[in-house]
Amino acid sequence: MVGRRRFLWGGAVALALMALGALLWTRQGHQRRETWDRIQARGALRVGMDASYPPFEWVDEAGAFHGYDVALGRALAARWGVEIEFINIHFDGLYDALYTGRVDLLLSALPYDRMLTRDVRYSQAYFAAGQVLLVPTADETTASPADLRGGTVAVELGATGHQLARSLDRDRALAWEVTPFRELDEAARTLVAGEADALICDRVSALALLAAYPLRVAGEPLTDEPFVIAVRPEAPRLLGEVDAALAAWQADGMLEHLAQEWLAP
Amino acid sequence: MTRQAWPFVSVARALGRAALLLAAAWSLSAPPQRLVVIGPPQAVETRNPKMGVHTRLTDEVEEWKIQRTFEMVREMGAPWVVEYFPWAYHEPRPGRYDWRRADMIIEHARAQGLTVLARIDFVPEWARPAETTFRYLDPEHYGDYARFVAAFAAHFAGRVEGIIIWNEPNLSFEWGYRLPDPAAYTELLRQSYLAIKAAAPEMRVLAAGLAPTMAPPGSEWGMDDLLYLEAMYVAGAGDYFDGLAMHAYGFALPHDDPPARDQVNFRRVELLREIMVAHGDAHKPGYITEGGWNDHPRWAKAVRPYQRLLYTIGAYELALEQWDWCQAVALWAFRYPWDQRTYQDYYAFVTPDFVPKPLYTELANYAHGRPYEYLEEAP
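In the order they appear, the protein sequences are chains V and G.
Residue numbering for the first sequence follows the numbering used here, beginning at 44 and increasing consecutively.
Residue numbering for the second sequence follows the numbering used here, beginning at 196 and increasing consecutively.
There may be inaccurate statements among the hints.
[As the list claims (entries may be wrong)] Below, a sample of chain G positions facing chain V; criterion: calculated Cβ distance under 7 Å:
(1) 493
(2) 500
(3) 553
[As the list claims (entries may be wrong)] Just the calculated beta-carbon pair ranges, DEER-fashion:
(4) 277/V x 335/G: 25 to 35 Å
(5) 564/G x 293/V: 17 to 27 Å
(6) 229/V x 411/G: 46 to 56 Å
(7) 328/G x 291/V: 30 to 40 Å
Hint data in this document are derived by calculation from the structure and do not stem from the laboratory.
Quantities reported herein were computed from a predicted structural model and do not represent experimental measurements.
Positions of the beta carbon are idealized from the N, C-alpha and C atoms, including for glycine.
Throw the hints in and build the complete structure from the sequences for me.
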């Protein structure tokens, strides 16, 4: 009698566990399919962006979208065989638009934000936008701020590069003379003229300067500011597809080509 | 002591010693807390008594940073601050008010000689349906909001200058992702005003600052601020506020760019003022509770940092010299608790580590009549 009762209880527990497992599997599978399948069923990828950040995204007078992120979005849609729809949203409303399902993903020169990693999932970085050190191409030795001890560093007045130069100078006792200019171009011309030893600015600005002046980036970026794509947590399939595309394009040089095309005119 | 009792006493002593050791170890391992003392009252020295900033202490957890923020505001020469007090933080359960954090913030501000305007919104979960944002408030809960702001007014009477009822209700995002509704907002304002005046008659009630926008009619994102204010007056709002909060963002245009209905610039607030005057509210003041310029390197609505510097000083001066109706110009945003890593960082006056940006340095020079450090001449 006792043996039979144990058998029944054991069977009931096993059945309950199986039911729970099936429920979880079904739910996960449902969620996994949700965003990705919705894109496929719709035949269109809905991308949320604040199209007021040239050269990454902007809208012309005719309402057409342009920029690095726009090209990247189109490449994603082409890879997945769907159309693309850009939805222009003020930056402050981007994440809400993602949470509420109004867009499938956010592609908007979006910096990685560790404070939001419970609410969204981020792709791998597709662009590094941190601050960099620029020196004249004739300077073949400088590889880090420490190589410029006692030097003159040109910056744009009040820009992040200005803040960084002051803090590097203070924290590492570099004895720099930090010279602010109203315009970054003015700082670059001073550097080329030999009146400064280096210039600190963000990498997006640097790519434009590199196209116009005989300068080079010295060493690694001074700060880390990766741009990433955001999806909802319950969109692992979509995130996987995004990461796979970015990895492939990192490897074959497509991302670098996009940077040159849109950021270094 | 009986023979039966002694083992228990020994065990109790041993446990006591262990607890003491654990407490000592814990106190050694815990990060030291900075002792914060509210010192003697300070006064703001400035040549422009309308200068102000919107502080942003909502998620600042360390008291010394709150104190340091207000110290730096005073040292810059700005007597006005606007601070955000989220309803959900201070009434986590219906009728259960928790003023500890708000008290601490207000006392630090007052110790630095600052005048505080309190913006209140952020709907608690208990006052809104599931799956809605914290800016969603149904008409059936307007009374809950009114009761809360009245309790706030009663608690802070004499310590807070005024209460701003909601924020930018002309944006759907600030209205819980519903179409902006000036009549509904007016009803919220009416209930709030009556409740506040019953609780603390001297507390000034400010109608919400509207987002400066030229959103076309029927836009799902927002409603033109000038049309919205007109519609508020039509709904009877004029009887239910003592002053109007205003948002004066310059975006890519200078501080003295002339106002126009088809232009969003710093002086657009003059058009709001015209609407107030047209509706018989010339006697009520305006308070700029957000505004200013952004110097993000790529945002199309930003300016270069040196332009921001010129325009900001120019804006404070313009309000001082030309806007007799304007009580305060509190620009967004003094400091963030941490880097936002978005365009918002480029509104800040100082970094999260309290490093002053050149903007702060020059504003302090302006307010104290000292020579500029970066500017060759006054704007």
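Hint check results:
Taken as an interface hint, residue 493/G checks out: its beta carbon lies about 5 Å from the nearest beta carbon of chain V, inside 7 Å. The interface hint given for residue 500/G holds, since its Cβ lies 3 Å from the closest Cβ of chain V, which is under the 7 Å cut-off. At about 4 Å, the closest approach between the beta carbon of residue 553/G and any beta carbon in chain V falls short of 7 Å, and the interface hint on this residue holds. Restraint check, residue 277/V to residue 335/G: a C-beta distance of roughly 32 Å satisfies the suggested window 25 to 35 Å.
Under the hint 17 to 27 Å, the C-beta atoms of residue 564/G and residue 293/V, about 55 Å apart, miss the expected range. Residue 229/V and residue 411/G have their C-beta atoms about 40 Å apart, which leaves the hinted 46 to 56 Å range violated. Distance hint check for residue 328/G and residue 291/V: the Cβ-Cβ separation is about 37 Å, which falls inside the suggested range of 30 to 40 Å.
The structure is inconsistent with the numbered hints 5, 6, although it conforms to all the rest.
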